[in-house]
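Starting from the given sequences, assemble the full structure and let the hints guide the process.
Counting in the numbering used here, the final residue of the sequence shown is number 239, and the numbers go up one at a time with none missing.
To be clear, the hints were calculated from the coordinates, so they are not data collected in a lab. Incorrect hints may have been included.
Simulated DEER-style distance windows between Cβ atoms [what the hints assert, rightly or not]:
{"hint": "1", "residue 1": "Thr100", "residue 2": "Ile124", "range": "55 to 63 Å"}
{"hint": "2", "residue 1": "Ser143", "residue 2": "Tyr39", "range": "46 to 54 Å"}
{"hint": "3", "residue 1": "Leu239", "residue 2": "Ser161", "range": "35 to 43 Å"}
{"hint": "4", "residue 1": "Tyr136", "residue 2": "Asn102", "range": "18 to 26 Å"}
{"hint": "5", "residue 1": "Tyr136", "residue 2": "Glu211", "range": "38 to 46 Å"}
{"hint": "6", "residue 1": "Glu204", "residue 2": "Val79", "range": "22 to 30 Å"}
{"hint": "7", "residue 1": "Asn163", "residue 2": "Pro33", "range": "41 to 49 Å"}
{"hint": "8", "residue 1": "Tyr136", "residue 2": "Tyr116", "range": "25 to 33 Å"}
Result set (BS3-like, lysine-lysine): computed pairs, CA atoms no more than 30 Å apart in a straight line [unchecked claim]:
{"hint": "9", "residue 1": "Lys122", "residue 2": "Lys229"}
{"hint": "10", "residue 1": "Lys218", "residue 2": "Lys144"}
{"hint": "11", "residue 1": "Lys142", "residue 2": "Lys198"}
{"hint": "12", "residue 1": "Lys142", "residue 2": "Lys37"}
{"hint": "13", "residue 1": "Lys142", "residue 2": "Lys220"}
{"hint": "14", "residue 1": "Lys37", "residue 2": "Lys125"}
{"hint": "15", "residue 1": "Lys220", "residue 2": "Lys198"}
{"hint": "16", "residue 1": "Lys229", "residue 2": "Lys125"}
{"hint": "17", "residue 1": "Lys229", "residue 2": "Lys165"}
Just so it is clear, the structure is predicted and the values come from calculations on it, not from any experiment. We treat Cβ as the ideally placed atom computed from N, Cα and C, and that holds for glycine.
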Amino acid sequence: MGSCRFTLCVVAVLFLLSQSVFAQSKAQTAKPPFHFKRYAIQYSIIDFLKFSGYEGSMLSAKYHFNDHSALRIGISANVGIDNRNTDSHKSLDSLSTNNTINEHAYSWTLSIPYLYYFHPQKAIKFYAGIGPRISYAYSYLKSKRKYWNCYTSNESNIRKSTNYKLGLRTLAGVEWFFYSGMSLNLEYGAILQYSYNKDHQTNEKTIYNGEVQTQQNKSKYTNWSLSPKTIYLGLSIYL
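So this is what it looks like as structure tokens:
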């Protein structure tokens, strides 16, 4: 009986020791917990190996406060200038014309959504975000037309347009790290937006006797819109 009890005790001790060794071995081989790096630059994959801005065309960057919280900033800007001069002549009525067009336009957009990661330790990291979106656009178009035949007359048209937009950007997506410091994002969202537009148009005509005719039109209008955004496939590079 004593020998049997001794054998059982030895077996129990060996079992406990083996469990302890196995637990230590498992702890040593387990991967360290995941942590986001502070900064990331993000790109949108629009075609095969073609990239553009993710949140903004000029800059799309992300800053992590911790593994759960991050702030993304997107900046877009566009500038356009167009100057044209054309001449034409109609022999039927001996009418010649000269057209001059001067046009320039610029716009910018700023988007700053706050992101929250629900389970950052998982391989597929689900997140959602919300934040403001502000944009401004201005365009100026001046066209001049001069006629020659028996008489000479001039006509000019100036149009100025200004647009302000204030919106709320919402989004949801997933992020998967395929390499240390590099991940793929799949994201969908929508923008609730208020828009204010102002348009001013001036038309001035000088006829052959020197008389000047001027006409001005001004308009303002506002609107609300809810616009879903297409699904984005993005690449994030952490620094």
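Going down the list of hints, with the structure as the test:
no. : hint                        : result
1   : Thr100 x Ile124: 55 to 63 Å : 58 Å, holds
2   : Ser143 x Tyr39: 46 to 54 Å  : 47 Å, holds
3   : Leu239 x Ser161: 35 to 43 Å : 40 Å, holds
4   : Tyr136 x Asn102: 18 to 26 Å : 21 Å, holds
5   : Tyr136 x Glu211: 38 to 46 Å : 39 Å, holds
6   : Glu204 x Val79: 22 to 30 Å  : 28 Å, holds
7   : Asn163 x Pro33: 41 to 49 Å  : 47 Å, holds
8   : Tyr136 x Tyr116: 25 to 33 Å : 29 Å, holds
9   : Lys122 x Lys229             : 26 Å, holds
10  : Lys218 x Lys144             : 20 Å, holds
11  : Lys142 x Lys198             : 17 Å, holds
12  : Lys142 x Lys37              : 51 Å, violated
13  : Lys142 x Lys220             : 20 Å, holds
14  : Lys37 x Lys125              : 14 Å, holds
15  : Lys220 x Lys198             : 5 Å, holds
16  : Lys229 x Lys125             : 21 Å, holds
17  : Lys229 x Lys165             : 16 Å, holds
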